[in-house]
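Engineer: If you read the protein sequences in the order shown, they are chains F and D. Number 150 in this note's numbering belongs to position 150 of the first sequence; there are no gaps in the numbering. Heads up, this note's numbering is the position in the second sequence plus 1000, with the first residue counted as 1.
In short, the hints are calculated from the structure, not lab data. Treat the hints with care, as some may be off.
To be verified - Restraint ranges, calculated between C-beta atoms of paired labels, are given here:
#: 1; chain 1: F; residue 1: Pro11; chain 2: D; residue 2: Gly1012; range: 55 to 61 angstroms
#: 2; chain 1: F; residue 1: Glu163; chain 2: D; residue 2: Lys1205; range: 44 to 50 angstroms
#: 3; chain 1: F; residue 1: Pro170; chain 2: D; residue 2: Gly1125; range: 28 to 34 angstroms
#: 4; chain 1: F; residue 1: Ile261; chain 2: D; residue 2: His1140; range: 38 to 44 angstroms
#: 5; chain 1: F; residue 1: Met42; chain 2: D; residue 2: Thr1016; range: 55 to 61 angstroms
#: 6; chain 1: F; residue 1: Met42; chain 2: D; residue 2: Gly1043; range: 54 to 60 angstroms
#: 7; chain 1: F; residue 1: Val249; chain 2: D; residue 2: Gly1081; range: 57 to 63 angstroms
#: 8; chain 1: F; residue 1: Pro11; chain 2: D; residue 2: Thr1016; range: 24 to 30 angstroms
#: 9; chain 1: F; residue 1: Pro11; chain 2: D; residue 2: Gly1077; range: 55 to 61 angstroms
#: 10; chain 1: F; residue 1: Phe20; chain 2: D; residue 2: Arg1116; range: 54 to 60 angstroms
#: 11; chain 1: D; residue 1: Arg1116; chain 2: F; residue 2: Phe16; range: 36 to 42 angstroms
#: 12; chain 1: D; residue 1: Thr1016; chain 2: F; residue 2: Leu118; range: 54 to 60 angstroms
Here the structure is a predicted model, which is why all the values come from computation and not from measurement. Quick reminder that beta carbons are idealized off the backbone N, C-alpha and C, glycines included.
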Amino acid sequence: MAMTDTAVPPPPKRSFGDVFFDYLLWGGIAALLIWAFKPVEMYKLPLLFVNSKNMQEYGNGFAHADVAHWKIYVEQMWLTIQMALWGTFLAVILAVPLGLLGARNMTPAIIQQPVRRLMDLLRAVPDLVIGTVFLVTVGLGPFAGVLAIALNTGGVLGKLFSEAVESMDPRPVEGVRATGAAPLHEMVWGVIPQVAPLWTSYALYRFESSSRSATVLGLIGAGGIGKTLFDSLNGFAYDQVAMISIVIVIAVSLIDFLSQIIRKRLL
Amino acid sequence: MSTTVAAAAVRGVSKTFGARKALDSVSLDVQPGEMVALIGPSGSGKSTLLRSISGLQTVDGGKGTIDVFGIPVQKNGRVTGQVRKARAKVGFIAQQFNLVGRLSLFTNVLLGALGRMGTWAGLFGRWSAEDKQKAMAALHRVGVSDYAGQRANTLSGGQQQRGAIARAILQGAQAVLADEPVASLDPVSARKVMELLVELNERDKVAVIVTLHQVDYAIRYCERVVALKGGKIVYDGPSTGLGREKLIEIYGPEIEDAFWEGVGP
Ligand SMILES: Nc1ncnc2c1ncn2[C@@H]1O[C@H](COP(=O)(O)OP(=O)(O)OP(=O)(O)O)[C@@H](O)[C@H]1O
Ligand SMILES: [Mg+2]
Chain F
1 MAMTDTAVPP PPKRSFGDVF FDYLLWGGIA ALLIWAFKPV EMYKLPLLFV
51 NSKNMQEYGN GFAHADVAHW KIYVEQMWLT IQMALWGTFL AVILAVPLGL
101 LGARNMTPAI IQQPVRRLMD LLRAVPDLVI GTVFLVTVGL GPFAGVLAIA
151 LNTGGVLGKL FSEAVESMDP RPVEGVRATG AAPLHEMVWG VIPQVAPLWT
201 SYALYRFESS SRSATVLGLI GAGGIGKTLF DSLNGFAYDQ VAMISIVIVI
251 AVSLIDFLSQ IIRKRLL
Chain D
1001 MSTTVAAAAV RGVSKTFGAR KALDSVSLDV QPGEMVALIG PSGSGKSTLL
1051 RSISGLQTVD GGKGTIDVFG IPVQKNGRVT GQVRKARAKV GFIAQQFNLV
1101 GRLSLFTNVL LGALGRMGTW AGLFGRWSAE DKQKAMAALH RVGVSDYAGQ
1151 RANTLSGGQQ QRGAIARAIL QGAQAVLADE PVASLDPVSA RKVMELLVEL
1201 NERDKVAVIV TLHQVDYAIR YCERVVALKG GKIVYDGPST GLGREKLIEI
1251 YGPEIEDAFW EGVGP
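Just chain D, same shape as in the assembly (with noise of 0.2 angstroms):
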């Protein structure tokens, strides 16, 4: 479809460090709604990819481009002067140490709303009656209520995974980003986070794109996978389609240490 503005739409885009290149003329649309996996081996470019999507971190100059629900998050490797009505759409949710730590929970949620209040109503925390009525929400959602008012940094590694969700909630987000959210966590709360994001796509339509080291998890929860190798797109298609020849092309013959529950199909 034409009509439909991409949630995120990469062109292009390339990134190096030093010598290295991250991401080698990467180009990626993610639709409205989509749940796609990002895998690839370490140090494949997956985390790049999606600091770029939030304009966290700027790509090379030149052509590249990246769009987030049409809004422009980077060009001619400048971060543009909407990148935080763009960021406002998306939540980011990183594999660890998202929340501030000496924050109560509870604020760590409402800190989502920051992207459309006032400068001065958020420097002073002025959160308005129905965002705090949302946190708690979001917070009873993905079952953490009980904790709102504990230090983030008091809370177990699914708990604070949880309430970084709970904020993409409040903050609305279209689309959430998550660098592998699962990766320090154990097999049960791994697969709560993961049930949390497929319920967010399918309920809320919102769209997620989330790396991922389990190929069995980006098959089991996720359409459409997206693999990287060496800042290249090797895959884009669905999950079906990753059979063990291409999984060995984008892993490398030690494919079974990517599994991490089961084995391979």
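In isolation and in its complexed conformation, chain F is listed as follows (with noise of 0.2 angstroms):
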């Protein structure tokens, strides 16, 4: 085939501004490192290895762990978990909107840009303090701790849910959109059914973060195991608190496995 006679141009090169912006970023996250190296107390690294007898001494006390209490702690566990899942739940019907109308595939900036900028409100304000303002509003309890992870999730998940649009193929959309849909039935029929297993997998995902989310949040008073943990550690009774520790690790260890095997079969 005759290929055109004109000189080869030469290999597209970096601007200036590219390889500035480069030193600027990687020389600025080493001057922050170096800067908090201090207040973060990082000379302290060695004490991990010189007072590794102390350790032992702490370790000792899960060798008499309060093993006869394990089924409070157990039922405990139980309503963290029932906390996560109705967070996570609240969360994913939040999610939905936000996700959809936050994609810069789905929607003009006007309504995309302030879905944004709701959604990273939600994620940036950790559930500790969500919660610590719930529990004045709708008082101390499993309640507060609900509304605390489903806001906080609910930003996270919009954000990952409409990066999942915003990846998906416009082209059967656009077979959608040909026939004359409406854009809410693009939506339903064009949209949900190619992101709904990545959607799926995240809230799964997250779900797994919300029941440590939920155990910490017990601790502001939001009730469950993290209440008990609380508790435990105030009187100082440390065989309650290794039991305690063993129960939530195993019950976070299984509904990871659990979650994983399913997130597996959906992709």
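Could you fit the two chains together into a complex? Lean on the hints.
Structural biologist: Structure (structure tokens):
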């Protein structure tokens, strides 16, 4: 085949701006790490090895774990998981509209930008902080924890959902649009079938971390195993602390394990 | 005839992507029941033209207009409020990936009914019994009814294209726009798909505009050929008028490359 006779153009070059930005970024990260060295007491690193005897003593607590109360701990753990379940469920309900409205390929900037800022806000405020707000409004107990998880996880899932929407194949959606379907129909029949497996996977993944969050939320009064742990710590009952820790680790690992199996099957 | 409205009326339409003119004041009238091949080298604006007719893409602002069966699709560089009514009359078949992969072939065909369904009925997929029956009939007609329950992404390219044709049939489309519907198919499936389009045109009087890479297909299956080059229409007439000279003008001296199966005329 006849090719063009013109000169071969030179390969594309990275602009000065791009290179400069790279140095700025990596240099900035290095500077921040050095700055943070002292405030976080990184110099104590050697203590980890010097004081290993103290660690052993703490570990001995596990040998005398308070097995007798296991039933109460499992019950409290279950309450914590239920908290995570409802929190994640409400989060998904919140994340579906947020994820669709916040996707670049779905809505004009005038809708998408405010939705994105709202999701950023929800994600940025830690569930511990949201939790304290709800403790004041709905009182101590699991419901405050559920709401805290719902809002924070809703923001995270909304962001993940909209990224899934942005990476979908636009062609089948155009196929639906070309039939004269309404925008809402396009979403339900063109978009959601495509993103459903990824969305479910993300939701399960967030359920895993919600069950960890729910444990920590117990510490500030949302009930469940976190509260039990807090009480035992305050009473210096290290045998109880040990048993509770074991229950938490087993339960959370179990959830991770199960959800990983389900997620693998979905994708 | 001045009494019939054109299936597609494109008037002075341009489309600019950055500095590149994909369409350069294109005007084209396709009458109901016509079968038109749209040819031209890669990048000449064929897909852009079809997508603009369906309102999947806006054209440049100004005097350019596109109407479908008398319903305005675009005006002043904007899609009109009646675009859904217009789309419902026109089936669209792309080269590939027309169907929603995770839905069954049957459901994909039923999506053709969305344009005439109410918002809520469409939202929850409450298809009428009549539509369901029509969908099976359409699948049967194009020869893939055995795969109705299968997920679209498990079907071969040719089966998917036939599914897309079935969707246009259920839609009750009076015109079909097909953008290289056979480009990714083997010769046997390609011929089958082309024959289905011809049958749709002859039996149901559906207007067909089909873009093709293979000039011999255009000549064999379509009476009228429109050729684009650099966004301009450089030929619009009977396929028999496409001589070697004209083809070299359109495609350049490597014209033989534009033939897939046989040689040139
Ligand atoms: N979304 C887009 N953004 C930028 N440029 C585009 C876009 N779509 C098309 N173009 C450009 O417009 C011109 C016409 O493209 P078009 O896809 O219509 O060509 P085509 O005739 O269908 O080509 P092919 O035969 O390869 O499919 C090309 O130069 C292409 O690069
Ligand atoms: Mg094209």
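Engineer: Give a verdict on every hint.
Structural biologist: Hints versus structure:
Range check, Pro11 (chain F) to Gly1012 (chain D): about 41 angstroms between beta-carbon atoms, so the 55 to 61 angstroms window is missed. Glu163 (chain F) and Lys1205 (chain D) have their C-beta atoms about 46 angstroms apart, which keeps the hinted 44 to 50 angstroms range intact. Pro170 (chain F) and Gly1125 (chain D) have their C-beta atoms about 22 angstroms apart, which leaves the hinted 28 to 34 angstroms range violated. Taking the beta carbon of each, Ile261 (chain F) and His1140 (chain D) are about 41 angstroms apart, inside 38 to 44 angstroms as hinted.
Checked against the hint of 55 to 61 angstroms, the pair Met42 (chain F) and Thr1016 (chain D) passes, with Cβ atoms roughly 57 angstroms apart. In this structure the hint that Met42 (chain F) and Gly1043 (chain D) lie 54 to 60 angstroms apart at CB holds, the actual value being about 58 angstroms. For Val249 (chain F) and Gly1081 (chain D), the Cβ-Cβ distance of about 60 angstroms falls inside the hinted range of 57 to 63 angstroms, so the restraint holds. Take Pro11 (chain F) and Thr1016 (chain D): their Cβ atoms lie about 29 angstroms apart, and the range 24 to 30 angstroms holds.
A hinted range of 55 to 61 angstroms is violated for the C-beta pair Pro11 (chain F) and Gly1077 (chain D), which are about 38 angstroms apart. Range check, Phe20 (chain F) to Arg1116 (chain D): Cβ separation about 57 angstroms, and the 54 to 60 angstroms hint holds. Our hint of 36 to 42 angstroms for Arg1116 (chain D) and Phe16 (chain F) is violated, since their Cβ atoms are close to 58 angstroms apart. At about 36 angstroms, the CB distance of Thr1016 (chain D) to Leu118 (chain F) disagrees with the hint of 54 to 60 angstroms.
Hints 1, 3, 9, 11 and 12 from the list above are not met by this structure, while the remaining hints are.
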